[in-house]
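Protein chains in written order, with the working numbering: chain V, 1 to 322; chain L, 1001 to 1322; chain H, 2001 to 2361; chain G, 3001 to 3361.
It is worth saying that the hints were derived from the structure and are not from the lab. We treat Cβ as the ideally placed atom computed from N, Cα and C, and that holds for glycine. There may be inaccurate statements among the hints.
Here are a few chain G residues that sit away from chain L, every Cβ distance over 10 Å (derived from the structure) [claimed, not checked]:
#, residue
1, 3105
2, 3106
3, 3316
Per label pair, the in silico range of CB-to-CB distance [to be verified]:
#, chain 1, residue 1, chain 2, residue 2, range
4, G, 3054, V, 43, 27 to 35 Å
5, V, 43, G, 3242, 49 to 57 Å
6, V, 275, G, 3266, 40 to 48 Å
7, L, 1163, G, 3275, 47 to 55 Å
8, H, 2058, L, 1249, 53 to 61 Å
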Amino acid sequence: MEAVTMAKAINLSLRDALARDEDVLVFGEDVGALGGVFRITDGLQEAFGEERVFDTPLAESTIIGVAVGLALRGFKPVPEIQFDGFVYSGFDQIVSHVAKYRNRSGMSMPITIRIPFGGHIGAVEHHSESPEAYFTHTAGLKVVAPATPGDAYALLQSAIADPDPVIFFEPKARYYVKEEVDPKREVLIGRARLAREGTGVSVIAYGPTVSVALEAAKAAEKENISLEVIDLRTLSPLDMATIIESLRKTHRAIIVHEAPVFGGFGGEIAARIADDGFDLLEAPVTRVGAMNTPYPPARFEKLYLPDVDRILEAADVALAYG
Amino acid sequence: MEAVTMAKAINLSLRDALARDEDVLVFGEDVGALGGVFRITDGLQEAFGEERVFDTPLAESTIIGVAVGLALRGFKPVPEIQFDGFVYSGFDQIVSHVAKYRNRSGMSMPITIRIPFGGHIGAVEHHSESPEAYFTHTAGLKVVAPATPGDAYALLQSAIADPDPVIFFEPKARYYVKEEVDPKREVLIGRARLAREGTGVSVIAYGPTVSVALEAAKAAEKENISLEVIDLRTLSPLDMATIIESLRKTHRAIIVHEAPVFGGFGGEIAARIADDGFDLLEAPVTRVGAMNTPYPPARFEKLYLPDVDRILEAADVALAYG
Amino acid sequence: MADVVEVVATDDPVRPLFSPAGELTAAARSRLGLSQDALRDLYRQMVLIRRADQEALNLQRQGELGLWGQFLGQEAIHVGAVAALQPDDWIFPSYREFGMAMCRGIDPADMLTWFRGLSAGPWDPREFHFAPLAVPVASQVPHAVGFAMGSRFKKSKDVVLGTFGDGATSKGDWHEAMNFAGVFKAPVIFLCQNNHWAISVPLAKQTAGSIAERAQGYGFPGIRIDGNDVLGVLAAVRGAAERARRGDGPYLIEAMTYRMGAHTTSDDPSRYRTETELQAWSVKDPVGRYRAWLEGQGIIDGAAIKTIGDEGESMAHAMRTRLLAFTPAPPGEVIFGRVYARPPDSFLEEREEFEASLESS
Amino acid sequence: MADVVEVVATDDPVRPLFSPAGELTAAARSRLGLSQDALRDLYRQMVLIRRADQEALNLQRQGELGLWGQFLGQEAIHVGAVAALQPDDWIFPSYREFGMAMCRGIDPADMLTWFRGLSAGPWDPREFHFAPLAVPVASQVPHAVGFAMGSRFKKSKDVVLGTFGDGATSKGDWHEAMNFAGVFKAPVIFLCQNNHWAISVPLAKQTAGSIAERAQGYGFPGIRIDGNDVLGVLAAVRGAAERARRGDGPYLIEAMTYRMGAHTTSDDPSRYRTETELQAWSVKDPVGRYRAWLEGQGIIDGAAIKTIGDEGESMAHAMRTRLLAFTPAPPGEVIFGRVYARPPDSFLEEREEFEASLESS
Ligand SMILES: Cc1ncc(C[n+]2csc(CCOP(=O)(O)OP(=O)(O)O)c2C)c(N)n1
Ligand SMILES: Cc1ncc(C[n+]2csc(CCOP(=O)(O)OP(=O)(O)O)c2C)c(N)n1
Ligand SMILES: [Mg+2]
Ligand SMILES: [Mg+2]
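Chain V with its partners taken away, still in its complex shape (with noise of 0.2 Å):
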């Protein structure tokens, strides 16, 4: 096949699960006729009726909401949360019963929930959140975010036919890169991918930072530094195998993420590191992400998210540690 972007990916994707299966819906605001603000279900209403792919009301909470009555009706809702920051009008249902509900009934929400989240995309407030830390510390759901076309189609897949409720973050930064896509390749939840070897420090990144660690890891090569780049792709569950057996190698670790690093997801895994991986450490884990401010106005989003310049300075330090 050839290369297509992260957001035809998506579509694809979207597109195999309707086909193969009728009990996929996919629905949200303007999903339909616009085909999402993002067009990731460009000409999926078209394709498979208004019954299959709609348009909703304005109303988040209740877009989960009646994803969970179809899921108990037998369907495999693939709801879509417009941007990151309006998900939080949808919280109680996902954490009260998308999370719960299999817990209370014994009956399966295979509901997948999109969100394209994270920022560079020069918008404005409430548009550029990574809010994936809430759902991280939700019992019951799956997490995932992938960095690449081939993954997003893949773990797609996998989240839909997923019998549990999974919440599906796109790095909608990244929706315009191009890679090949192979549609066989099965990408397991809860499997992190070894994204760069190196020696020197891992660096560990999910979402839309994969990419800026590759870039982090490439600079640093001129500098004869090593990195080695793990692209987590599951955040819950989460693959410590994979993280542990790179940090034998390494000893060194960096965590990455676009949200604020207080009471982020990179405190779990960094806590992990620090508790499984403590003899192997011989530096502290450092963590890379945004302040803790609110999102700020978007010509000054490039100094608030983490970058090139700061990896490689944490690198840099874990170097010189000890």
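Put chains L, H and G with the ligands on the given structure of chain V with help from the hints.
Chains L, H and G with the ligands only, in chain V's frame:
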């Protein structure tokens, strides 16, 4: 003053705040004639009238939302969320507005959101949750959780006086413990307390787990193990200075909270200890908390929540390490 | 200004059955077409669920339940609504619909294990077409609507009953779900059990408007009826269900009743309401009223009443016995067993560790 | 069945001014009591805000703004509503009320710094009694209600205008806030700018019901009016404001209009709507219609129109110049400066580190 329960101490603190400052308003579901389901607001409506202390319709999002409007109008709103598990439908107003309004307007949000939290009350689901990590990760908020009646009184005074929004978590299982309360003692937001001195392992707790940690410390003493107990009192901002100071003595740390460990606030604390305290640590930091599942039925909560045995076990492991 | 809301012309099969004050008309009552057995059985069901309610209260007072929320006074709604539906029609309750669940055939002792803190969800919703209790107020209403949308998509003939209290109507979820139901013409009957109180908050502080009248704002009909008349409730729900079944969309029924007991056993209503109000509603007791009507019609006699009362006693006894004998699943199963359909390895490890720690201690 | 909703008898000062179709009656129009200057000024304001809207669009197309959301076609609402209020009355907008903000005296160049990504909130709400833009749809409505409750508690005479789109009426927050307003008799006017679209979702898919009619479900009046008639909007908001000011509580005005432009510059309406619909609404253009009326009344002539047009040009020029010359605060101030009134030490340290890192790089 004679010994009062934490419930009474909070009641007195609200009463004193209402009496001192006529801009203080107390509202929420059932806080009026009933005095709240835990009687925290008992007698306040009678004393201050229906325009200072009032019942609202059943709508958490708008309880928070009108608090924002009232704050803009010059009030100091102290809304109550009846139980931890019902704050989620107010999450959008808290994350998108309470936390960020000052940043976009320059107008302060002197709002104190009271939330009874935690388990050990034998309740049905949604009544025993520990959602603090969702708030500590939200920039713009301050998050506190007292463990004793005196601190509850004083921290609530500080919270209401604070020009910034404070999420005030009340450990409902501790509502009925008694202590003498000195209304003149000030407790600043952002300062942890050494609840018990020790030399072997630092046990870091807050809210409902402080007493568990203290019990564990007592039990440990009999086995000649010395636990130092830190009561965080404030979760955000986090008082790392007090923690690190303790580590200089003990070189070992255990963190105890009722929330599930995975993605919990303990991850932030552990990550920071393992970073700031890298050279001090002689054993991995252990987190003792709930399992990564929904809150179980009441008869199983004791098995689910951290207890003295699990703390002692963690202490043994920490002390035996290396 | 061309905007006139298109009100799709649909027969309203419910409204004509009721007086403007929400009373089932005499004509409609006589045309219900229920056999004498069926009419007696409605009485029987009300008696049984009331007796179970009382027994649960006793059990709570004896320390055998963590909590109990009586539905005393609301029996006509529980019985009438379920009787109006087909067994395939799903019901989405809040937390006070114990009586409805019994009418659907769920074992009351099993249900009480939830209140006893032994089980997170004691029945299989697929078996009884009865969703689990929903504690966060109004949060189940979108589920009812989603399920009903699904029924429509599947071209199935089943309809859905979503029920909730007066307090629930203040929640955003309630509104959003009502609006979705209108837009998607979902085959759902919304049944508000307006018992005048949301814990301590009286109806007048819950809303300044009318709940039933809100329906038209969502593009479907609504009606306020006497919720203490089992036949009225049955007639309204049946009419609304028929309408939904033939594809004409949702209906909102506001059934006026009164919460005769405390909110739950944790509550103390003496702090916020008067005996007078309670007494005023006592005379409208749904069970007593209906019995008197049956007697007046010669459908029931003292002997039959006694038989039903006795049945209640033995049911209550059996319920108690079964409950107290109930052994929950082992802790590992209760805590971890149903969280995931496909549990992650790390989750299974945590379970194993937990189970191992139990054995060692 | 004693429950009859107590509808508090209040004069409705708005309804009598309008025909059933929502048109301001000729009699009401002639009794508005506006001077010729005032009438001309409404036109002037509509022209100015439309010109600013156009200039902002140009700026966006030239890459100078990150985003622009036109309000083309909604000028009568922006101008009429603000003209009906006192300067002390607060306005709680969503994100499309640039015209209202201009009418309140906020410098349009300052406002555009938000769309240019240079400022998180470019005006002081206390100075203009104009709340910051609210992006999460409907989330500002509870703020308007809370503020109005506060005005009542403070026994102040100011009222509040809360405004939102048709899409916003589907959100839970909208409902909850409406209900609170009814219960607390908050002095608030709810103004729905029903422009028939929520991005690509047309009104008919947003709701099957009527927005204006929902008001009665909350215990206060509502009306649907022609939102492309500046005098109609002014009359309705003025009437509702007077009513609220005298303590009679909220009012819901659904002003029917049309979003003539794209949702925002990121949108492509050709994917979901037809030219025909657009053309049908073109003839109801609020600015053209009002100009024709003024001309017909002999209140305005070609020279006056030209003067106003020229004023628009120089305003647009000045706005552009000021915007492009705008220098934001330093990054540390923009990112950290206003988060806390009492910033924690750790927060200040993070700021210092950030500022130090900027200097070093
Ligand atoms: C979202 C939410 N907020 C608060 C509560 C606590 N609570 C439980 S029941 C109740 C009152 C509900 O009243 P209503 O809807 O009228 O139902 P009723 O109890 O009268 O049957 C409240 C406030 C809750 N369960 N959920
Ligand atoms: C809670 C929320 N969900 C989604 C969005 C994305 N969004 C922005 S505007 C809009 C449509 C709003 O329509 P309407 O309320 O009619 O206002 P209009 O844009 O027509 O002025 C949507 C879906 C948002 N801003 N907030
Ligand atoms: Mg009620
Ligand atoms: Mg609109």
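Subject >> Beyond 10 Å from each Cβ of chain L, as asserted for residue 3316 of chain G >> reply: holds (26 Å)
Subject >> C-beta pair residue 3054 of chain G, residue 43 of chain V: status relative to the range 27 to 35 Å that was hinted >> reply: holds (33 Å)
Subject >> Verdict for residue 1163 of chain L, residue 3275 of chain G (Cβ pair) under range 47 to 55 Å >> reply: holds (53 Å)
Original post:
Hey, does residue 3106 of chain G actually stay past 10 Å from chain L on C-beta?
Top reply: holds (13 Å)
**OP:** Measuring Cβ to Cβ, find out whether residue 3105 of chain G lies farther than 10 Å from everything in chain L.
**Re:** holds (17 Å)
Original post:
Do residue 43 of chain V and residue 3242 of chain G keep their Cβ atoms within the hinted range of 49 to 57 Å?
Top reply: At roughly 52 Å between Cβ atoms, residue 3242 of chain G and residue 43 of chain V fall inside 49 to 57 Å, so the hint holds.
**OP:** Note whether the CB distance of residue 2058 of chain H and residue 1249 of chain L lies within 53 to 61 Å or breaks it.
**Re:** holds (56 Å)
Subject >> Distance restraint hint 40 to 48 Å, applied to the beta-carbon atoms of residue 275 of chain V and residue 3266 of chain G >> reply: Taking Cβ atoms as reference, residue 275 of chain V and residue 3266 of chain G lie about 45 Å apart, which means the hint holds.
In summary, the structure agrees with every hint in the numbered list given earlier.
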